[in-house]
Amino acid sequence: NAGVTQTPKFRILKIGQSMTLQCAQDMNHNYMYWYRQDPGMGLKLIYYSVGAGITDKGEVPNGYNVSRSTTEDFPLRLELAAPSQTSVYFCASSSRDNYGYTFGSGTRLTVV
Amino acid sequence: KQEVTQIPAALSVPEGENLVLNCSFTDSAIYNLQWFRQDPGKGLTSLLLIQSSQREQTSGRLNASLDKSSGRSTLYIAASQPGDSATYLCAVGNQAGTALIFGKGTTLSVSS
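Protein chains in written order, with the working numbering: chain A, 2 to 113; chain B, 118 to 229.
Source of the hints: derived by calculation from the structure; they are not laboratory data.
One-sided and incomplete, this derived list gives chain A residues near chain B with beta-carbon spacing under 10 Å:
hint	residue
1	Asn99
2	Gly101
3	Thr103
4	Phe104
Beta carbons are placed, not taken as given, at the ideal position from N, Cα and C, and that holds for glycine.
Chain A on its own, in the form it takes in the complex (with noise of 0.2 Å):
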């Protein structure tokens, strides 16, 4: 099925440990994004990716790294996970004009 496929769904993590979360579309979409979503706050923007090889900043880039070595792949490496970060994590991706906005179904993240 075309749409954004996030791994894993669930992770668990101790304090200091590093991992990274996958991301892949199959829809030819130029833009990429990551969100994390905390409880009754909106999403906010992590990173984003207007094309291979490029990256930029979003709302919250602290404790995060991103890399777009691909159009079909977008992984969000989070390094010295802090429980600060425990969330919900979305990638996205679009058109330029953000028509065909996809979610993936998220990754579940707790850091203790």
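Fit chain B to the supplied structure of chain A, relying on the hints for placement.
Showing chain B alone in chain A's frame:
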């Protein structure tokens, strides 16, 4: 800085009622506006996208309007059903090729 506000935060209605969800934004110079639906534990699904030059968009029982000058959008749901129960999020695109800015959402509960 663009800010998006959704009121009310939660709404409960009996089945069959028509209802309106409200969204306001602080900077009227937007590129487009989208309404999304989020079911518990799931990702977001795009419902309607309104370009800045448009006044409204319709899909089935849903109608979204946009008044840029007043910084407001409404999502009208006709003849509500229990299956409409979800969180509805409004998101604004400030420019082409930029990430959406989200409100915190309105959680709708439709009772049978």
